[in-house]
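A.B. asks: Residue numbers (our numbering), protein chains in the order written: chain A, 1 to 302; chain B, 1001 to 1363.
By construction, these hints were calculated from the structure, which means they are not laboratory data.
Just so you know, these numbers come straight off a predicted model, no measurement behind them.
Among the clues, some could well be false.
Claimed, not checked - Coverage of chain A stretches by chain B, computed from C-beta distances (three or more under 8 Å per stretch; other residues unrestricted): (1) 68-74; (2) 86-98.
What the hints assert, rightly or not - Take a look, some chain A residues computed to stay more than 12 Å from chain B by CB distance: (3) M1; (4) S36; (5) M50; (6) G62; (7) A101; (8) A107; (9) G129; (10) G217; (11) A233; (12) L248; (13) V265; (14) G290.
Where is the CB? At the ideal position from N, CA and C, for every residue including glycine.
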Amino acid sequence: MIEFDDVTVRFGAAEAVRGVSVTIPAGALAVLVGPSGSGKTTLLRLVNRMATPSAGRVRVRGEDVAAADPARLRRSIGYVMQSMGLFPHWSVARNIGTVPALLGWPAARIAARVEELLALVRLDPALAGRRPAALSGGQAQRVGLARALAADPDILLMDEPFGAVDPIVRRELRAELTRIHAATGKTILLVTHDPIEALELATHLVVLREGQLVAAGEAAALAAPPAPPFLRALFGAEALALRRLSLLRVEGAALDGPAPAGAPVIAPEASLAEAWTLMQEHGAPVLAVGGRHLPWSALLPR
Amino acid sequence: MAPTWPRLLPAGLALAALILGPDALSLAPNRLMPGAPLSAHDVLPGWAWLAVPLLALGAAPWRLAPLAAAGALLVLLAGLGAGAAALLDGAAPAARATLGSAAWVALAALAALVFWPGQRRLLAAALLVLGLGVLAWGGVLDGFSLAVEFRARREAVGAALATHLWLSLSALGLASALASLLALAGLASARLAAFFDALLGGVQVVPAIALFGLLVPLLAALLGAFPGLRAAGFGAIGATPALIGIALYLSLPLLRALRTGLTATDPAVIQAATALGMGRGRMLAWVRLPLGLPHFLGGLRVAAVQAVGLVTLGGLVGAGGLGALVFEGMSQFATDLILLGALPVVALALAVDAGLGAMERRA
Ligand SMILES: Nc1ncnc2c1ncn2[C@@H]1O[C@H](COP(=O)(O)OP(=O)(O)OP(=O)(O)O)[C@@H](O)[C@H]1O
Ligand SMILES: [Mg+2]
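In isolation and in its complexed conformation, chain A is listed as follows:
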């Protein structure tokens, strides 16, 4: 659980965060959205004491972070930066094993953990010996994610973690994150600029504007139509419609009769939002669902 209690952060005369009070329940995947400069990164950095409140309190697991030892606090919280910040002189394996090494784990245990994490983020184990410079953008972001997860922190902070990759890899990483979140029940606080990403991932939404809290709460409730005007302005109507699609399943919308040969296949339990994304990626107007088919027109509101 992460609690912000009337927190203000000042940089000189400017206030990056103004009187924000919000609670992120344990096990939530909270997505932080807001225009550029609205204080998202600053709010994130308050959690592991990379930023200090000028007023108010930040509590993590019920304890005021101001009283915690910064290094120990940081080792207990995973942090993925937008710019990754992988250590260029270390191999992938050593990068991933940084926090365990700081915690003084024996080498054999670190090696075993690194192997586990490579599998968890679906990285080829052959990459373990490479330097970060020899990785693709998507691979580097997986390494950043694995490094943040290394000591199995119960809290994960992610600042635009999928910024530097193409839409397809982005979707893959997103699915990976949802899977990891479902499997581990970690509390995740994630910043993104991408409305679709926000609406697809979030169990909770926190909306900031000019350092102030505009809205916070469960994503399904916040994004349900009719969405408040500020969300429509931030995300656009299409993304909100998509959010609705993400609540509906393919099996409920599929029509009888087989799909044309070569149509991409989608699972019946997938969401309509995933179906829409698949159609966009393949340029296909129809998907195959078992023996039935799903035309694009079935996605339109009825």
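The hints should help you fit chain B with the ligands onto chain A, whose structure is shown.
C.D. replies: Below, chain B with the ligands without anything else, positioned relative to chain A:
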């Protein structure tokens, strides 16, 4: 391949020195008197003119040019050695045959051709070293006054070289310790860093000899106040002022390199390290130092080459080393003794530069 025409310059210079130079060798009655100049035509045996076609091959744009240039250099040197031996044959025992300016110019120009950048020089350098060894060991060079002087002073030269190396290393160690302390202190406060920079920058402005001179009375006063220091082996002249002065000079390039290396680290990497819970010490040992290594080695190379040069001046305050030979030679007007001190300094500086340069490129 690099353009070939600039190599014609040293080639032409070598040729001109051989054909037109008035003094390839000179014959003097003893080691201090000036000698009578003799041109290459007068002293070189016929076979030594083989150096000229080899020189042409060394200047030509082809793969084996450095090897040909090395061959030319060796043939010329052997010819000069034979010429010197012939001159001394029958002369008085104190007589000396000295390499003259034409010979030096030709030899230096040929060496430049051997080590011309942008070619495969390693094989040529190996041939040159091997050939020089064979010539020296075979006694071909024994006639040169430089060799005579060396035989007379073999022990002194060896000891001076050892002292020189030891002083250079000590000064470098001292400067490294000082620069590390200042760099770490400067890391904590930008104002402190600027102050150290100004201080060491001020030292650079003082000429080395003046600095040594200033340190002598200063140390004398200090030793007067604390006689215990004298018992511990410190002196107002000798190695102490030289080491202190040189270390002060070397600290600036080392400090600059340390600072660049420590602060040039990508800020995103520093942030990530902080966010992962690295403390200051770990950050230094795991991130800043290894990432700054190429910068450190660059600074170390500059400082090491400077150290070899500055220790030479230490001879003036009685620190010993090769500089002492140079200054002794100057006071006696004995050119050979000067060269006996100066040539190893040059070789040492080049070797240090090449060795640390190779390490720097690998890091
Ligand atoms: N270290 C700092 N010193 C001074 N001002 C800062 C500092 N960090 C952030 N700010 C200011 O605080 C405000 C909020 O910054 P923050 O990085 O939290 O925004 P953000 O919402 O993450 O923006 P973006 O979406 O562009 O990343 C900005 O106006 C920024 O200029
Ligand atoms: Mg930000």
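A.B. asks: For each hint, tell me whether it holds in the structure or not.
C.D. replies: Here is how each hint holds up against the structure:
1. Figure legend: the segment 68-74 of chain A, annotated as covered by chain B; annotation consistent (5 residues with Cβ-Cβ distances under 8 Å, at least 3 required).
2. Judged by the Cβ-Cβ criterion of 8 Å, the segment 86-98 of chain A is covered by chain B as claimed, because 5 of its residues qualify and three suffice.
3. The Cβ of M1/A sits about 20 Å from the closest Cβ of chain B, beyond the 12 Å cut-off, so the non-interface label holds.
4. Against the 12 Å criterion, S36/A stays outside the reach of chain B, whose nearest CB is about 18 Å from its own CB.
5. Its closest Cβ contact with chain B, about 6 Å, brings M50/A to no more than 12 Å, contrary to its assignment away from the interface.
6. Annotated as non-interface, G62/A keeps its C-beta farther than 12 Å from every C-beta of chain B; the closest such distance is 20 Å.
7. Annotated as non-interface, A101/A brings its C-beta within 12 Å of a C-beta of chain B; the closest such distance is 9 Å.
8. Once the 12 Å rule is applied to beta carbons, A107/A is consistent with being away from chain B; the minimum gap is 15 Å.
9. No beta-carbon of chain B comes within 12 Å of the beta-carbon of G129/A; the shortest separation is about 17 Å.
10. Consistency note on G217/A: stated as away from chain B, and its beta-carbon is indeed over 12 Å from all of that chain's, at 28 Å minimum.
11. Distance check on A233/A: its Cβ is at least 32 Å (rounded) from any Cβ of chain B, clearing the 12 Å threshold; non-interface status holds.
12. Listed as a non-interface residue, L248/A keeps its Cβ farther than 12 Å from every Cβ of chain B; the least gap is roughly 39 Å.
13. Distance check for V265/A against chain B: the nearest CB is about 40 Å away, which clears 12 Å, and the non-interface claim stands.
14. The beta carbon of G290/A sits about 46 Å from the closest Cβ of chain B, which is more than 12 Å, so the claim that it is off the interface holds.
The structure shown violates the earlier hints numbered 5, 7.
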